[in-house]
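Asker: Chains A and B, in that order, are what the protein sequence lines are.
Sequential numbering from 1 applies to the first sequence in the working numbering.
Sequential numbering from 1 applies to the second sequence in the working numbering.
Some clues are possibly wrong.
Claimed, not checked - Cross-link-like lysine-lysine pairs, in silico, DSS-like; alpha carbons within 30 angstroms at most:
#1 A:K275 with B:K197
#2 A:K149 with A:K275
#3 B:K325 with A:K275
#4 B:K206 with A:K262
#5 B:K7 with B:K118
#6 A:K262 with A:K221
#7 B:K325 with B:K206
#8 B:K200 with A:K275
#9 A:K275 with A:K172
Worth flagging that the hints you see were computed from the coordinates, not collected in a lab.
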Amino acid sequence: MTANLAATHDPAPADGTPGTQMPSTVPPLVVDGVTKTYATRGRHKAAVTAVNDVSFTIAPGAAIALVGASGSGKSTLAKMITGSERPTTGSIHFGDTAVESLRTGGLREYHRRVQMVFQDPYGALNPLHTVEYTVSRPCQNFLGLSAAKAHDRVYELLETVGLMPPEQFAAKLPHQLSGGQRQRVVIARALACEPDLIVADEPVSMLDVSMRAGILRLLTKLREERGLSLLYITHDLLGARVVTDEILVLNEGRVVERGQTKYVLQHPQDDYTIKLLDAVATPYAALESPPVRESPPVL
Amino acid sequence: MALLEVKGVDVVYEPDRGQRIWSVRDVDLTLEQGEFVGLVGESGCGKSTLGFALTRLLRPPAHLEAGVIQFDGVDISSLEGEPLRRQRRNGFAMVLQSGMNALNPVRDIAHHFADIFKAHARQGEDLGSAVLRARGAALLESVQLDPDVLSSFPHELSGGMRQRVSIALALALEPRLIVFDEPTTALDVIVQAAVIKTIKDLQALKSFTAILISHDLGVVLDATDRVMVMYAGRIVEDQPSAELLRGPHHPYTEALLGCYADPRAEEIHLGGIAGSPPDLSLQQAGCSFAARCPLVEDICRVVDPELTGLGSGTAACHVRARELKTDMEVRS
Numbered sequence: 001m002t003a004n005l006a007a008t009h010d011p012a013p014a015d016g017t018p019g020t021q022m023p024s025t026v027p028p029l030v031v032d033g034v035t036k037t038y039a040t041r042g043r044h045k046a047a048v049t050a051v052n053d054v055s056f057t058i059a060p061g062a063a064i065a066l067v068g069a070s071g072s073g074k075s076t077l078a079k080m081i082t083g084s085e086r087p088t089t090g091s092i093h094f095g096d097t098a099v100e101s102l103r104t105g106g107l108r109e110y111h112r113r114v115q116m117v118f119q120d121p122y123g124a125l126n127p128l129h130t131v132e133y134t135v136s137r138p139c140q141n142f143l144g145l146s147a148a149k150a151h152d153r154v155y156e157l158l159e160t161v162g163l164m165p166p167e168q169f170a171a172k173l174p175h176q177l178s179g180g181q182r183q184r185v186v187i188a189r190a191l192a193c194e195p196d197l198i199v200a201d202e203p204v205s206m207l208d209v210s211m212r213a214g215i216l217r218l219l220t221k222l223r224e225e226r227g228l229s230l231l232y233i234t235h236d237l238l239g240a241r242v243v244t245d246e247i248l249v250l251n252e253g254r255v256v257e258r259g260q261t262k263y264v265l266q267h268p269q270d271d272y273t274i275k276l277l278d279a280v281a282t283p284y285a286a287l288e289s290p291p292v293r294e295s296p297p298v299l
Numbered sequence: 001m002a003l004l005e006v007k008g009v010d011v012v013y014e015p016d017r018g019q020r021i022w023s024v025r026d027v028d029l030t031l032e033q034g035e036f037v038g039l040v041g042e043s044g045c046g047k048s049t050l051g052f053a054l055t056r057l058l059r060p061p062a063h064l065e066a067g068v069i070q071f072d073g074v075d076i077s078s079l080e081g082e083p084l085r086r087q088r089r090n091g092f093a094m095v096l097q098s099g100m101n102a103l104n105p106v107r108d109i110a111h112h113f114a115d116i117f118k119a120h121a122r123q124g125e126d127l128g129s130a131v132l133r134a135r136g137a138a139l140l141e142s143v144q145l146d147p148d149v150l151s152s153f154p155h156e157l158s159g160g161m162r163q164r165v166s167i168a169l170a171l172a173l174e175p176r177l178i179v180f181d182e183p184t185t186a187l188d189v190i191v192q193a194a195v196i197k198t199i200k201d202l203q204a205l206k207s208f209t210a211i212l213i214s215h216d217l218g219v220v221l222d223a224t225d226r227v228m229v230m231y232a233g234r235i236v237e238d239q240p241s242a243e244l245l246r247g248p249h250h251p252y253t254e255a256l257l258g259c260y261a262d263p264r265a266e267e268i269h270l271g272g273i274a275g276s277p278p279d280l281s282l283q284q285a286g287c288s289f290a291a292r293c294p295l296v297e298d299i300c301r302v303v304d305p306e307l308t309g310l311g312s313g314t315a316a317c318h319v320r321a322r323e324l325k326t327d328m329e330v331r332s
């Protein structure tokens, strides 16, 4: 890893996290000194550095939050990790695979192992295809399952993501589902080809607050049960706190703060992190301490 | 006299084909001059539809099925054409959720202001371009934008700046009531906090009456004095913000509050609300929240609870109303 000027807290891996005892097949993702520069077109040519010398590692089974406001470079970084953009300098390794040098065939195999969950569940599903069709395509394309086997697997996957009973959802079209249900379909599709790493780009920001907890819990559960690694990209610090162990705060393409999620949120050093924390709309900010509820919140 | 007095408003979506949807059901509300009220609920609960109904912006297939909307003593629910335009000039405006994308891409911002001033010009008003620009510049300054923005085109501005422009446009005719429909939903957190602060400051300064519609109870509690919670087309709770935060009456409000936590807290318990809201194309029997409610009893599935006075506000819940009644009997 290259030296980084970011305020670094002890990134002590949370020992005993369920993700750490997992099959050794999931390799670490190593992002090393990655920079991405875009040239603007038109009369006034200029270079924009979207990501500037970023390094981090996602250990097998770990969950890392990449936090920053719009334009901080988090989505660009996600695109480089999923192989749809190449870094200008630096390298990204997933185990032995050098992501930036992958071409068609290698990229296809890489996509089986690294899947993405997108921000907008309304735009990520083809409105003309049923849930079953959407989720069965990766089973057939990547795993080579027969139609009958893919059918069984779709039902399993729908159960995994909490769309139960599956027969009630399999034949539905996206417009018949709520936003939270659609996002579950997107997650089921991402899980279909048994990936090792899921890159979730703002998976709850388009959902109602009341639906968010369910999706966050699902991501945590998948990580614990399947041992997959997670890169959780967000500007929602509460979600980051719930889902991840380690956090990287990005501002203008640079990592400005990193460390254990809880520690960083409780002891933010960087001005930008503090600003993000202050911007979180939490109704309890007005109270000295949150009210004690007799009945636990509805789950 | 209250600025806005609404009684028994029903809004129905009636498509050419398919089912009728009762989106807003029997809503009563009263807003005093200068109040800042939040309207909160999940997607599809009818909160935006109610906002459109109050500002007379419903378009087919939606229509006002029943109800009276008294704005400043005048029933605007059945006004059309010129009388409606005159009432609009006299007083109410809306900032749309996608307002930032509603700007005309081939016209500069100055043109947008000029449009409004010309459409609602009073007799003998000076509509010279220098005057209009000065008025536009002052409005932009009130939402913390540089007057130079007048010469910009929408694509040259960021999302937050465009949303500020649409707020400035809503302020142009000095309305007495502004409905903000999810004004910050598409913006990132820091920009969102800044835009909400601008709205709050403007409201305090100009003391117009405001309704802030949002699915985000956190944002609403932060900004407003009073919160109305909407569920399946009805208002189920109405309380001052501070009291609602300390003691929500309706189990739905309580569940909404449970969806929040401070990310800095030592332990985090994050709640959600399982299930989804009822199908609004069907007639409801009993309380519409019964299917998702942790306190549900037999009566809830049969009798629809009325909004009744509970402590500092009102709520529509059989269980909570009875608890409070017993509580008071014990005390007295």
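Asker: Does each hint hold? Answer for all of them.
Answerer: Comparing the hints with the structure gives:
Between K275 (chain A) and K197 (chain B) the CA atoms are separated by roughly 14 angstroms; this keeps the pair inside 30 angstroms, and the hint holds. For the suggested pair K149 (chain A) and K275 (chain A), the alpha carbons sit about 50 angstroms apart, so the restraint of at most 30 angstroms is broken. Under the criterion of a C-alpha separation no larger than 30 angstroms, the hint pairing K325 (chain B) with K275 (chain A) is inconsistent with the structure, at around 45 angstroms. For the given pair, K206 (chain B) sits about 41 angstroms from K262 (chain A) by alpha-carbon distance, which is inconsistent with the 30 angstroms threshold.
As the CA atoms of K7 (chain B) and K118 (chain B) are separated by approximately 34 angstroms, the hinted pair breaks the 30 angstroms bound. Note on K262 (chain A) and K221 (chain A): the hinted pairing holds, with a Cα-Cα distance of about 19 angstroms set against a maximum of 30 angstroms. Restraint check for K325 (chain B) and K206 (chain B): not satisfied, since their Cα atoms lie roughly 41 angstroms apart, outside the 30 angstroms limit. For the hint pairing K200 (chain B) with K275 (chain A), the CA-to-CA distance comes to about 19 angstroms; that is within 30 angstroms, so the pair holds.
Restraint check: the Cα-Cα separation between K275 (chain A) and K172 (chain A) comes to about 42 angstroms, which exceeds 30 angstroms; the hinted pair is violated.
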